[in-house]
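Novice: Please work from the sequences and hints to get the whole structure.
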Amino acid sequence: MPRLLNIRPRGGGRLLLGLAPILILLLLYVVSSAARHAENPADKILPTVNAMVEQVRTMGFEADPQTGKAPLVSDTAASLTRLGAGIGLATVTTLVLGLAIGLVPLARATLGPLVSAIAVVPPVAILPILFIIMGLGETSKIMLIFIGLTPFMVRDLASAVAAIPEEQLVKAQTLGANTWVVALRVALPQALPRLIESLRFSLGPAWVFLISAEAIAADVGLGYRIFLVRRYLAMDVILPYVLWISLLAVVIDRALMGLSRAAFPWAHPSRSR
Amino acid sequence: MSVLSFRDVWVEYGDKIVLEKVALDVAEGAFVSIVGPSGAGKSTFLRLVLGQEAPSRGRIYLDREPLRPEPGPDRGVVFQRYSVFPHMTVLKNVMFGVQCSDRRRSARDEAADMLRQVGLGDHLDAYPAALSGGMQQRLAIAQALITHPRILLLDEPFGALDPGVRLDMHELITRLWTEKGLTILMVTHDIKEAFKLGTRVIAIDKRRRDPHAPHRFGSTAVYDFPLDKPNATPPRAVDSMSEQAA
Numbered sequence: 001m002p003r004l005l006n007i008r009p010r011g012g013g014r015l016l017l018g019l020a021p022i023l024i025l026l027l028l029y030v031v032s033s034a035a036r037h038a039e040n041p042a043d044k045i046l047p048t049v050n051a052m053v054e055q056v057r058t059m060g061f062e063a064d065p066q067t068g069k070a071p072l073v074s075d076t077a078a079s080l081t082r083l084g085a086g087i088g089l090a091t092v093t094t095l096v097l098g099l100a101i102g103l104v105p106l107a108r109a110t111l112g113p114l115v116s117a118i119a120v121v122p123p124v125a126i127l128p129i130l131f132i133i134m135g136l137g138e139t140s141k142i143m144l145i146f147i148g149l150t151p152f153m154v155r156d157l158a159s160a161v162a163a164i165p166e167e168q169l170v171k172a173q174t175l176g177a178n179t180w181v182v183a184l185r186v187a188l189p190q191a192l193p194r195l196i197e198s199l200r201f202s203l204g205p206a207w208v209f210l211i212s213a214e215a216i217a218a219d220v221g222l223g224y225r226i227f228l229v230r231r232y233l234a235m236d237v238i239l240p241y242v243l244w245i246s247l248l249a250v251v252i253d254r255a256l257m258g259l260s261r262a263a264f265p266w267a268h269p270s271r272s273r
Numbered sequence: 001m002s003v004l005s006f007r008d009v010w011v012e013y014g015d016k017i018v019l020e021k022v023a024l025d026v027a028e029g030a031f032v033s034i035v036g037p038s039g040a041g042k043s044t045f046l047r048l049v050l051g052q053e054a055p056s057r058g059r060i061y062l063d064r065e066p067l068r069p070e071p072g073p074d075r076g077v078v079f080q081r082y083s084v085f086p087h088m089t090v091l092k093n094v095m096f097g098v099q100c101s102d103r104r105r106s107a108r109d110e111a112a113d114m115l116r117q118v119g120l121g122d123h124l125d126a127y128p129a130a131l132s133g134g135m136q137q138r139l140a141i142a143q144a145l146i147t148h149p150r151i152l153l154l155d156e157p158f159g160a161l162d163p164g165v166r167l168d169m170h171e172l173i174t175r176l177w178t179e180k181g182l183t184i185l186m187v188t189h190d191i192k193e194a195f196k197l198g199t200r201v202i203a204i205d206k207r208r209r210d211p212h213a214p215h216r217f218g219s220t221a222v223y224d225f226p227l228d229k230p231n232a233t234p235p236r237a238v239d240s241m242s243e244q245a246a
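From first to last, the protein sequence lines stand for chains A and F. Residue 141 in this note's numbering sits at position 141 of the first sequence, with consecutive numbering throughout. Residue 105 in this note's numbering sits at position 105 of the second sequence, with consecutive numbering throughout.
What the hints contain is simulated information worked out from the structure, not anything from laboratory work. Where a beta carbon is used, it is the ideal one built from N, C-alpha and C, also for glycine. Treat the hints with care, since some could be wrong.
[What the hints assert, rightly or not] Example chain A residues on the side facing chain F (calculated, C-beta under 10 Å, incomplete): (1) F131; (2) A162; (3) E166; (4) A172; (5) Q173; (6) G176; (7) V186; (8) R254; (9) L256; (10) M257; (11) S260; (12) P265; (13) W266; (14) A267; (15) P269.
[To be verified] So the derived label-pair ranges between C-beta atoms look like this: (16) R175/F - P165/A: 26 to 32 Å; (17) P165/A - P69/F: 18 to 24 Å; (18) E166/A - D15/F: 21 to 27 Å; (19) A130/F - P165/A: 15 to 21 Å; (20) V49/A - R81/F: 34 to 40 Å; (21) P163/F - A117/A: 51 to 57 Å.
[Stated by the list, open to error] Which bits of chain F does chain A cover? Going by a derived footprint, with three or more residues having C-beta under 8 Å, they are: (22) 34-44; (23) 70-82; (24) 144-156.
Specialist: Encoded structure:
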């Protein structure tokens, strides 16, 4: 009998092992839900699968008479727009600041301490400040995501750029490259795969900031809807919404990974050969 | 004529003396091997020539002009590792130097020709990660030579290679040195390699030691062996000789 740490599941066995806990949890849910409904047919805490499917149909495919769109559709559009704007802004800023701080010692000396100082501020704690200064509209929500992500991403990218071997920078200079050329042709391309990776890590926090902001002040959005129907204990809406948000997060993550593999084959050598 | 001259060069960090009183001239077409024990200042010596560091005393001249303390296209370099750009294909790696000096039109042909000379003609579109260690060093050499540097600096260039591959590389660098009339400065810890390739071997070490204050004295060129080999002939001279022959 081999030692436990040497037993490696493969192929179908591995798939089955991975699925088992998920299926057990689902089964547990269905059984508990059925038990509660047997006792009290009006139970709201563990809605049946049928009730959730019914809610998805109403929320996702029946137009709201006020807006003319299904709530799930308009919530998703609003949330993804905010998320995209915040993340986009953070990415562009990171590219410029991270590259400068990582590559140019003068920029590191000037901006490094500032970025480190901002990075220790808990973003949700300054949400009230954003609401006071920028009002309750879209700007404050986008800014929260931006402020929440940027310091972390800048520091990550700057350290990745700083980790480019000195030899490469010297070599580029001996080939006649000036600072600008080194930044654009040596540092930037090598920083991009890392930027995408740190973007993937930042997606989780980005959703937290988005949903916090929407929970407090919004009239449309995935986070807004969840916190709205919470008042009616509408678990049959909340659970599908949570699943939908998770699905969106996974899709965005996979898309970013695919983009990195397609655009930077040299950074993923095991697949490129 | 000497390409590179050190005039009474010192490198000191506070009390610690790394190099002291280094004075030497490197003649055009010479292949100078620098040997010495670890920590004797071989790398500091190379950093000085590259301009990554400035001497604390004394002066360095390249073609009789004071050397700018910054890497530049007049000095090519091949390091032991990390010499090539991992995000560029083989061809792009070599084209980089041509494009920096703004002769964009001929960049591709010139780079491809140089790669054929080092034996990488069949791998133009591969990424460095797909190349063996020896092929990566061939690429690094092609990349350094494309800008026609006045002096080529080799920092333990073959140190990480298998013995067989190393012999091939010795052949390659000797051929390029003769054909192109290069002036080469190679730092190595392999004394056999130093004597085999060089026309001159310089040993860097401390001349005096104080066991109570090991940093009190710096290293300098303690031995300088001119070997009985001809220097490389500059390409122009080769051309005129072949014309005479014809």
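Novice: For every hint, state whether the structure bears it out.
Specialist: Do the hints match the structure? See the list:
{"no.": "1", "hint": "F131", "verdict": "violated (43 Å)"}
{"no.": "2", "hint": "A162", "verdict": "violated (14 Å)"}
{"no.": "3", "hint": "E166", "verdict": "holds (8 Å)"}
{"no.": "4", "hint": "A172", "verdict": "holds (7 Å)"}
{"no.": "5", "hint": "Q173", "verdict": "holds (4 Å)"}
{"no.": "6", "hint": "G176", "verdict": "holds (4 Å)"}
{"no.": "7", "hint": "V186", "verdict": "holds (6 Å)"}
{"no.": "8", "hint": "R254", "verdict": "violated (23 Å)"}
{"no.": "9", "hint": "L256", "verdict": "violated (18 Å)"}
{"no.": "10", "hint": "M257", "verdict": "violated (18 Å)"}
{"no.": "11", "hint": "S260", "verdict": "violated (13 Å)"}
{"no.": "12", "hint": "P265", "verdict": "holds (7 Å)"}
{"no.": "13", "hint": "W266", "verdict": "holds (4 Å)"}
{"no.": "14", "hint": "A267", "verdict": "holds (7 Å)"}
{"no.": "15", "hint": "P269", "verdict": "holds (4 Å)"}
{"no.": "16", "hint": "R175/F - P165/A: 26 to 32 Å", "verdict": "holds (29 Å)"}
{"no.": "17", "hint": "P165/A - P69/F: 18 to 24 Å", "verdict": "holds (21 Å)"}
{"no.": "18", "hint": "E166/A - D15/F: 21 to 27 Å", "verdict": "holds (26 Å)"}
{"no.": "19", "hint": "A130/F - P165/A: 15 to 21 Å", "verdict": "holds (19 Å)"}
{"no.": "20", "hint": "V49/A - R81/F: 34 to 40 Å", "verdict": "violated (58 Å)"}
{"no.": "21", "hint": "P163/F - A117/A: 51 to 57 Å", "verdict": "holds (54 Å)"}
{"no.": "22", "hint": "34-44", "verdict": "violated (count 0)"}
{"no.": "23", "hint": "70-82", "verdict": "holds (count 10)"}
{"no.": "24", "hint": "144-156", "verdict": "holds (count 4)"}
When each numbered hint is compared with the structure, violations occur for hints 1, 2, 8, 9, 10, 11, 20, 22.
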